[in-house]
Amino acid sequence: EFISFGREICKILLNLKEKHNYEYQVYRLVSEDKYIDEAYFDQMNISCYYEKINEQLIKKFSNKNLEIKVWTIDDKFILEKMVNLGIKTITSDIFDKI
Numbered sequence: 001e002f003i004s005f006g007r008e009i010c011k012i013l014l015n016l017k018e019k020h021n022y023e024y025q026v027y028r029l030v031s032e033d034k035y036i037d038e039a040y041f042d043q044m045n046i047s048c049y050y051e052k053i054n055e056q057l058i059k060k061f062s063n064k065n066l067e068i069k070v071w072t073i074d075d076k077f078i079l080e081k082m083v084n085l086g087i088k089t090i091t092s093d094i095f096d097k098i
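Anchor point for the sequence shown: position 28 equals 28 in the numbering used here, and the numbering is continuous, going up by one each time.
Calculated directly from the structure, the hints in this document are not laboratory data.
Treat the hints loosely; a few may be bogus.
Label-pair distances were calculated between CB atoms; the ranges are [unchecked claim]:
1) 49 to 12: 21 to 29 Å
2) 16 to 75: 32 to 40 Å
3) 22 to 84: 32 to 40 Å
Below, a list of computed lysine to any residue pairs in the SDA-like style, where the Cα atoms sit at most 25 Å apart [unchecked claim]:
4) 52 to 19
5) 76 to 40
6) 59 to 19
7) 34 to 76
8) 69 to 10
9) 88 to 18
10) 60 to 93
11) 11 to 74
12) 34 to 21
13) 19 to 8
14) 69 to 6
15) 52 to 40
16) 17 to 89
17) 60 to 6
18) 64 to 93
19) 88 to 65
20) 76 to 64
21) 59 to 77
22) 52 to 71
23) 60 to 18
24) 19 to 71
25) 19 to 55
26) 11 to 76
27) 34 to 22
28) 64 to 82
29) 19 to 5
30) 81 to 19
31) 69 to 32
32) 59 to 37
33) 81 to 67
34) 52 to 14
35) 52 to 64
36) 64 to 77
37) 52 to 18
Where a beta carbon is used, it is the ideal one built from N, C-alpha and C, also for glycine.
Kindly produce the complete structure, drawing on both the sequences and the hints.
Structure below.
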């Protein structure tokens with residue numbers, strides 16, 4: 001399941017997770033560089049549009065063991081590129097177009 005929250009709610013969810021040892025992942029939905037930077041500062045995983053992804057961003061987040069989810073890729077070449085960059089979770093409608 002996927003539910004999107006703003007920065008403050010994500011921070012509360014992360015604190016609850018740590019305090020009570022809950023098992024869930026929190027990804028901050030980001031679309032602008034300033035929000036990507038905030039999520040990095042807050043040590044949050046991110047979910048963002050694939051055009052924001054580059055090797056530098058992936059290395060930056062992976063150095064802090066933070067994950068990046070990517071949406072929505074409908075081009076198989078871009079999909080392969082994201083996989084080759086190390087992105088593990090990608091949303092796509094590509095299979096509906098085969």
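Here's how the hints hold up against the structure:
1. For the hinted restraint 21 to 29 Å between residue 49 and residue 12, the CB-CB distance of approximately 25 Å keeps it satisfied.
2. Take residue 16 and residue 75: their Cβ atoms lie about 38 Å apart, and the range 32 to 40 Å holds.
3. One distance hint, 32 to 40 Å for the beta-carbon pair residue 22 and residue 84, holds here, with the actual separation near 33 Å.
4. Restraint check for residue 52 and residue 19: not satisfied, since their Cα atoms lie roughly 32 Å apart, outside the 25 Å limit.
5. With a C-alpha separation of about 29 Å, the suggested pairing of residue 76 with residue 40 is violated against the 25 Å cut-off.
6. At roughly 28 Å between alpha-carbon atoms, residue 59 and residue 19 are farther apart than 25 Å, so this suggested pair is violated.
7. With a CA separation close to 29 Å, the supplied pair residue 34 and residue 76 exceeds the 25 Å bound.
8. Annotation: proposed proximity of residue 69 to residue 10 holds, straight-line Cα distance about 16 Å (limit 25 Å).
9. Of the supplied pair hints, the one linking residue 88 and residue 18 holds, its CA atoms being roughly 24 Å apart against a limit of 25 Å.
10. The straight-line distance between the Cα atoms of residue 60 and residue 93 is roughly 28 Å, outside the 25 Å bound, and the hint therefore fails.
11. Only pairs whose Cα atoms come within 25 Å are accepted, and residue 11 paired with residue 74 is rejected, the gap being roughly 32 Å.
12. Using a Cα cut-off of 25 Å, the hinted pair residue 34 and residue 21 is violated, with the two alpha carbons roughly 30 Å apart.
13. For a cut-off of 25 Å, the pair hint linking residue 19 to residue 8 stands: about 17 Å separates their Cα positions.
14. Proposed proximity of residue 69 and residue 6 is supported: the alpha carbons are some 16 Å apart, at most 25 Å.
15. A C-alpha spacing of about 14 Å is found between residue 52 and residue 40, which places the hinted pair at or below 25 Å, so the restraint holds.
16. Taking the CA atoms of residue 17 and residue 89, the gap is about 21 Å. The hint holds against a cut of 25 Å.
17. Between residue 60 and residue 6 the alpha-carbon distance is near 22 Å, which keeps this suggested pair within the 25 Å criterion.
18. Distance hint between residue 64 and residue 93 is unfulfilled; the C-alpha atoms sit about 30 Å from each other, more than 25 Å.
19. Restraint check for residue 88 and residue 65: the C-alpha separation of about 13 Å stays at or below 25 Å, so the hint holds.
20. The hinted pair formed by residue 76 and residue 64 fails the criterion: a straight-line CA distance of about 29 Å is larger than 25 Å.
21. About 21 Å separates the Cα atoms of residue 59 and residue 77, which keeps this hinted pair within 25 Å; it holds.
22. Simply put, residue 52 and residue 71 have alpha-carbon atoms about 10 Å apart, close enough for the 25 Å limit, and the pair holds.
23. The straight-line distance between the Cα atoms of residue 60 and residue 18 is roughly 23 Å, inside the 25 Å bound, and the hint therefore holds.
24. For a cut-off of 25 Å, the pair hint linking residue 19 to residue 71 is broken: about 30 Å separates their Cα positions.
25. Of the supplied pair hints, the one linking residue 19 and residue 55 is violated, its CA atoms being roughly 33 Å apart against a limit of 25 Å.
26. As the CA atoms of residue 11 and residue 76 are separated by approximately 35 Å, the hinted pair breaks the 25 Å bound.
27. For the hint linking residue 34 to residue 22, the alpha-carbon distance of about 29 Å lies beyond 25 Å, and the restraint is violated.
28. Our distance criterion of 25 Å between C-alpha atoms is met by residue 64 and residue 82, whose separation comes to about 19 Å.
29. A hinted pair counts as satisfied when its Cα atoms are at most 25 Å apart, and residue 19 with residue 5 qualifies at roughly 19 Å.
30. In summary, the hint linking residue 81 to residue 19 is not supported, as the alpha carbons are separated by about 38 Å, beyond the 25 Å threshold.
31. Between the alpha carbons of residue 69 and residue 32 the distance comes to roughly 15 Å, so the proposed pair stays at or under 25 Å and holds.
32. Of the pairs offered as hints, the one joining residue 59 and residue 37 holds, with about 14 Å between alpha carbons and a cut-off of 25 Å not exceeded.
33. Using a Cα cut-off of 25 Å, the hinted pair residue 81 and residue 67 holds, with the two alpha carbons roughly 17 Å apart.
34. A threshold of 25 Å between alpha carbons decides the hint, and for residue 52 with residue 14 the separation of about 24 Å falls inside it, so the pair holds.
35. With a CA separation close to 19 Å, the supplied pair residue 52 and residue 64 stays within the 25 Å bound.
36. Of the pairs offered as hints, the one joining residue 64 and residue 77 is violated, with about 28 Å between alpha carbons and a cut-off of 25 Å exceeded.
37. Taken as a hint, the residue 52 and residue 18 pair is broken in the structure, with Cα atoms around 29 Å apart against an allowance of 25 Å.
Hints 4, 5, 6, 7, 10, 11, 12, 18, 20, 24, 25, 26, 27, 30, 36 and 37 from the list above are not met by this structure, while the remaining hints are.
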